[in-house]
Amino acid sequence: MAHDHGHNAPPSDTAMRAKALETLLTEKGLLDPAAIDALVETYETRVGPRNGARVVARAWTDSDYKARLLEDGTGAIAELGFSGVQGEDMVVVENTDDVHNLVTCTLCSCYPWPTLGLPPIWFKSAPYRARSVIDPRGVLREFGVELSEDVEVRVWDSNAELRYLVLPQRPAGTEGMSEDELAGLVTRDSMIGTGLAQAPAG
Amino acid sequence: MNGIHDMGGMQCMGPIVREENEPRFHEEWEGRVFGMFFTNFAEGHFNVDMFRHAIERMGPAEYLETSYYEHWLHVYETVLVERGILTQAEIDEKIASLRQAGD
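Just so you know, the protein sequences line up as chains A and B, in that order. For the first sequence, my numbering begins at 1 and goes up steadily by one. For the second sequence, my numbering begins at 1001 and goes up steadily by one.
Keep in mind the hints are simulated off the structure, nothing from the lab. The C-beta atom is built at its ideal place from N, Cα and C for all residues, glycine as well.
For lysine to any residue, the following SDA-like pairs were computed, each having C-alpha atoms within a straight-line distance of at most 20 Å:
id	chain 1	residue 1	chain 2	residue 2
1	B	1094	B	1083
2	A	66	A	181
3	A	19	B	1102
4	A	19	A	29
5	A	19	B	1094
6	A	124	B	1008
7	A	124	B	1027
8	A	19	B	1093
9	A	66	A	170
10	A	19	B	1091
Looking from chain B toward chain A, a few residues come up when the C-beta cut is under 7 Å (computed):
id	residue
11	1005
12	1007
13	1014
14	1016
15	1031
16	1043
17	1068
18	1070
19	1073
20	1076
21	1099
Work out the full structure: start from the sequences and follow the hints.
In structure tokens form, the structure reads like this:
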């Protein structure tokens, strides 16, 4: 791994190359380092899977919203304030007793940033990209998702124009829970399809 | 375009490695490279298709041996030079001077 050296190690060649580009573009007036600071902070702290969890919890509690979400993912997600780069064209696919959906991007790393944030490394890795489409049930087992053979697995390969969000099944025993409480059960992986929503505690 | 990036269905890529509580960026430079996507895009230096095409033109060995954000860095170095916004000599000189300053 490239990131196992200590904090006192000299900057890597890659870090130097990145610094050189940023410095040159800044000197030419083509880049404002403060803009980079703000972007890093935004994606480290404000954009992440809690956004997608709000969408799922709303769909679980409001059937009209759910209908809109499955009909026009981009528009329904924007109703909750989540839109923008890498979420311009969203398709939401619903898990049911009969169908389990799994999202991948075999070509690279397309992922719905406004609802899930930036993808984890495994999503961008060669093994996941390669295997998700040829052995999805094996991948799901590795992630701890055991599906009965009669459940159809649908794999969605994202691309630069279209990104997918899985609407996981609402767990049993959650009747009467508030939307906020329900959102707490929605994991990132359940919205990629490599996991299920968590069962309520107790 | 067919190439090493087109990985769907390939076998023998090894296990899927997951990291608990993965940080958004593992190194500071990764965050800087991520941010430069937006600033370069906003300046009109490339669009998403050009960005992807520059990754897909990488040599297969280099593609497999370099990390995700190194691919992005490769895009900037490739496209900014191709479009005449920077020269390779400028980039090389800046790296050399930064390295000297760091010694």
